[in-house]
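J.: Please take these sequences and the hints and turn them into a complete structure.
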Amino acid sequence: NAGVTQTPKFQVLKTGQSMTLQCAQDMNHEYMSWYRQDPGMGLRLIHYSVGAGITDQGEVPNGYNVSRSTTEDFPLRLLSAAPSQTSVYFCASSYGSNTEAFFGQGTRLTVV
Amino acid sequence: DAKTTQPTSMDCAEGRAANLPCNHSTISGNEYVYWYRQIHSQGPQYIIHGLKNNETNEMASLIITEDRKSSTLILPHATLRDTAVYYCIVRVHNQGGKLIFGQGTELSVKP
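Here the protein sequences come in this chain order: A and B. Each residue of the first sequence is one higher than the last, beginning at 14 in the working numbering. Each residue of the second sequence is one higher than the last, beginning at 19 in the working numbering.
Hints are computed from structural coordinates only; laboratory data are not their basis. Source: prediction; values computed, not measured. Quick reminder that beta carbons are idealized off the backbone N, C-alpha and C, glycines included. Worth double-checking, as some hints may not be accurate.
In silico contact screen, one side only, chain A against chain B (beta carbon under 8 Å); selected entries [claimed, not checked]: (1) L56; (2) N75; (3) Y77; (4) V101; (5) F103.
T.: Now the structure itself:
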């Protein structure tokens with residue numbers, strides 16, 4: 014098992030550009046989520062999904078879109094990048110709502 | 019969502035037990051306590067979780083008080099590789115089982 018795979022690992026965007034952060038898991042997990050981590054802070058939940066076709070907002074959803082067309086993939090879209098979205102983004106997955114969540118290694122995004 | 023309170027930082031001597039406290043006084047009866055750690059801004063790593071009984075695995079032990087308002091993570095023989103930020107989290111099992119991270123405790127294990 015590869016676990017949770019995030020691509021790319023690093024990305025620099027210009028203000029106003031759009032991009033998609035990819036997240037894939039090969040553990041057949043139903044639950045997937047996206048977090049962002051700003052310097053010196055804990056992770057904050059952006060969006061989450063409890064299964065294919067079902068998504069919901071977390072604490073900081075503004076400026077981000079998600080979709081879940083398959084169990085394996087949960088991409089995060091930045092529609093119009095802003096410097097405030099400079100952060101490290103983590104994707105996580107778990108089998109259920111009360112089982113161990115596995116995290117990817119993160120995508121470091123800089124918006125200039 | 020139940021909040022957690024942890025000390026900002028702690029030191030521990032290599033080879034000694036590291037005891038990391040956490041307060042979660044507003045925890046609900048069906049909410050679990052989870053512990054994760056993060057090393058050098060890598061993805062968080064699961065350590066252990068529990069509801070009301072004490073738990074032990076190959077990494078750590080989790081002691082939860084009888085009233086469930088606080089808990090302690092114990093690393094029995096800390097090594098330099100245990101230097102990390104440790105997060106105590108009360109997990110909301112509806113709403114996708116979301117993990118609400120606080121600031122965590124920065125544990126420094128010293129030789």
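J.: Now, for every hint given, state plainly whether the structure supports it.
T.: Each hint tested on the structure:
{"no.": "1", "hint": "L56", "in the structure": "holds, 4 Å"}
{"no.": "2", "hint": "N75", "in the structure": "violated, 17 Å"}
{"no.": "3", "hint": "Y77", "in the structure": "violated, 15 Å"}
{"no.": "4", "hint": "V101", "in the structure": "holds, 6 Å"}
{"no.": "5", "hint": "F103", "in the structure": "holds, 6 Å"}
Figure legend: structure checked against the earlier numbered hints; hints not met, in rising order: 2, 3.
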